[in-house]
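Student: Throw the hints in and build the complete structure from the sequences for me.
Going down the list, the protein sequences come from chains A and B.
Residue numbering for the first sequence follows the working numbering, beginning at 1 and increasing consecutively.
Residue numbering for the second sequence follows the working numbering, beginning at 1 and increasing consecutively.
Treat the hints as calculated values from the structure; they're not laboratory data.
Keep in mind it's a predicted model, so treat the numbers as computed, not measured.
The C-beta atom is built at its ideal place from N, Cα and C for all residues, glycine as well.
Be aware that a few hints might be false.
[What the hints assert, rightly or not] Beta-carbon label-pair distances, calculated as ranges:
(1) B:L57 / A:A86: 49 to 57 angstroms
(2) B:G117 / A:D412: 25 to 33 angstroms
(3) A:D234 / B:V166: 43 to 51 angstroms
(4) B:F245 / A:S101: 54 to 62 angstroms
(5) B:I226 / A:S101: 50 to 58 angstroms
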Amino acid sequence: MRKPVSRTVRGLAVLGAATLALAACGPDTSGEVTEAEEVDVEGVEPADEITFWTNHPGGSADVENELIEQFTAETGITVNVVTSGANYEETSQRFQTAQGSAEVDVVVLSDATWFPNYLNGSLVAVDDLLEEAGIDTSGYVEALYEDYLYEGSHYGVPYARSTPLFYYNADHYAEAGIESPPETWEEVAEVSQQLMDAGVANSAFTFPPQEEYPAWSMANLVWAYGGAWSNEWDMSPLTSAETIEALEFAQEATSDWATVASGSPADDFSAGATSQIVQSTGSLGGILDSADFEVGTAFLPGGPGGEGQTPTGGAGLMIASDSTPERQLAAAMFAAFMGSPESTATFSAATGYVPVHQDADMSDVYAETPQFETAVNQLERARVQDFARLFIPGGDLELSQTLQRILTSDVDVAEEMEQLQSELENLYESDVAPEVEG
Amino acid sequence: MTTLQGADDPASPRAVTSSSVSGGAGDPSGDPGGDRARARKQAHRRRMSKNWSLFVLFAGPNILLILAFIYFPLVSNMYYSTLDWRLGSPRATPVGLDNYVRFFTSDSGLEVWRVTGIFTGGAVIGSMVLGMLIALVLNKKLPGRTAARTAVFAPYVLSGVGVAMVWNFIFDPTRGALSHILGFFGVASPQWYLNEDWALVMVIIVYVWKNLGFCAVVFLAGLQAIPQDLIEAATLDRAGAMRRFFSIVLPLLTPTVFFLLVTNIIFSMTNAFDILRIMTPTGHGTNTIIFEIYLQSFGAYQRAGYSAAIAVVLFFTLFLITAVQLRYVERKVHYQ
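Tutor: Here is the structure:
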């Protein structure tokens, strides 16, 4: 007589079948690494239609449509625009989760979100595509294009780019008898003391809170002292004497002439609550609209480590690896069109992002908004950001949390940075090293 | 396959043919009881078949939807929780229970439990105590009672995102309404957004404000179901208001308290995401378990596998809380 199949066996069989089914639906767990296929675009004809995912950075929906119409008129390529999110993070989340199931050829990805997509193999190198499309990339502002360079290939074309800029309340300066903006962080401390003594504002300088990307804008301070967040994948600069000195300077400042904003520092500045901030060039338009005082702009300060350098930021246009070579070529033509001198000038004038091409004619904008010229001239001092913030998933958040602790309490800076170094090294080892080291 | 021996040999004494089976259809001398039994069976089968068809027709689509959108994702998530998988990556590494071990042993995992415990405790106790007090007031015959009940319940149906944005304006230490009110009394506004402890207090206040209307309305329904003759009898016996509340009202409200306790714990652990995300976008001191799931997968760290493991932990935590409450707490509940 046959034994009836027990419930346990049946349960295990169902579980096994379900696991197999799920494994078939989920990611490949075989451990085999498939090398990305080289896309041969030689002789390929561009597609006549592409799909563009954008979060319309800087409220650029109208100017994007205007430029897209020009592109279609010039090339005959139709661009289907998809609003992919309210910000860069949402766009990247949607792009990541839509892999293999959504039609997208070109997507807006920020400096801090493109690398995980590269690791996922979702982006294609643009060098060959741009070459095939006959685009000369030497005209791009070098630091803005080099942001997308990894392992000898570029994975994006600069688009809505910004840098931090030093803003000051010129009325407060005049009231406190300050004639010119500071050129070093030591001078920032001096003029801030003058501003505090004059009693013109609640605080002379405001640092950003952790939600407002402090690791981005404060990179300038750390670089000015000769420190850094990292040297490529080496996290030891976090605990260098220079980095700690810079952060101790910031911590001391918050007990004297500086504060940390609860929300956007730009709002505090526009309201006259603080006299100086380091904020994105993209905030210039909003600040000029809402401030009822004369707004001054200056290069970011330097320090013992040299003249002030500005970290690059903002977003670029990336091309999806899932796309066909024909559509990739059309997408490359589109990305190059959006970064052309004429297009970037139009886009920049409408949004406040800096022009990404050296030949962009910004004279009309300068005539109307002279402060913007400082932002563009400062691009000479643009520096590609450190890997710790850009390329380690969670790196920016870990840095921001530590910076907020340093700026809002009397914690020991060296201890905090040692802990941070350890945390970032762990993140690198567990989440990045297996892929970049093979 | 088993066969009836001799069934193929009509000469065999053990042969069985259709005509030899009693009650055969072609046998007028057959057993009519057997016919009836077979007919009943056939009718039963037809009825069952019809019932099954109707069941499949009416319930099938719903069952398919539930399987596709609840159980399949649930089981898939359990599978993903055993992988080291970056969000969107086509590749992953099976790691067994490593993600669970990491969550239960890492400092950040323990911090998530601490914050979740404080948030849930504050939210549940705050919502229920204040909801009860409001319900007691609204149960009185006061002018404008209906309008007051509507006003109290309104925040519960508002969008959490909208509520959080409005409260952001209130809590802003520089320009917020609260800072002006505190300033009027000479008190400086706490650093709601910069200090982790204050940030947690802030989101608990907002969650309680949004949720207490629900508790108040449910308590009100419970209060109105209490027989008035008991209260009147106690009043005649000179029992004071406090005595009446603790000896009559509260014991009779225990089913309501139990219901709200279960739902509030579950809601505070799962439904507070919108408020947390808007008021503290990067989870500054407010990383409850639901926010950690988001932060680990979509927010910053891109760890889809680890995030899936935390989601599984949350699922079983809620399952366990509900089971324990049903098993032990419900026994002590006084049902009328």
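Student: Each of the hints needs a verdict: does it hold here or not?
Tutor: Here is how each hint holds up against the structure:
1. A beta carbon spacing of about 43 angstroms between B:L57 and A:A86 contradicts the range 49 to 57 angstroms that was offered as a hint.
2. B:G117 and A:D412 have their C-beta atoms about 29 angstroms apart, which keeps the hinted 25 to 33 angstroms range intact.
3. For the hinted restraint 43 to 51 angstroms between A:D234 and B:V166, the CB-CB distance of approximately 46 angstroms keeps it satisfied.
4. Here the CB-CB span from B:F245 to A:S101 is close to 58 angstroms, well matched to the stated 54 to 62 angstroms.
5. Between B:I226 and A:S101 the beta carbons are some 56 angstroms apart, a value that agrees with the proposed interval 50 to 58 angstroms.
Hint compliance for this structure: hint 1 alone is broken.
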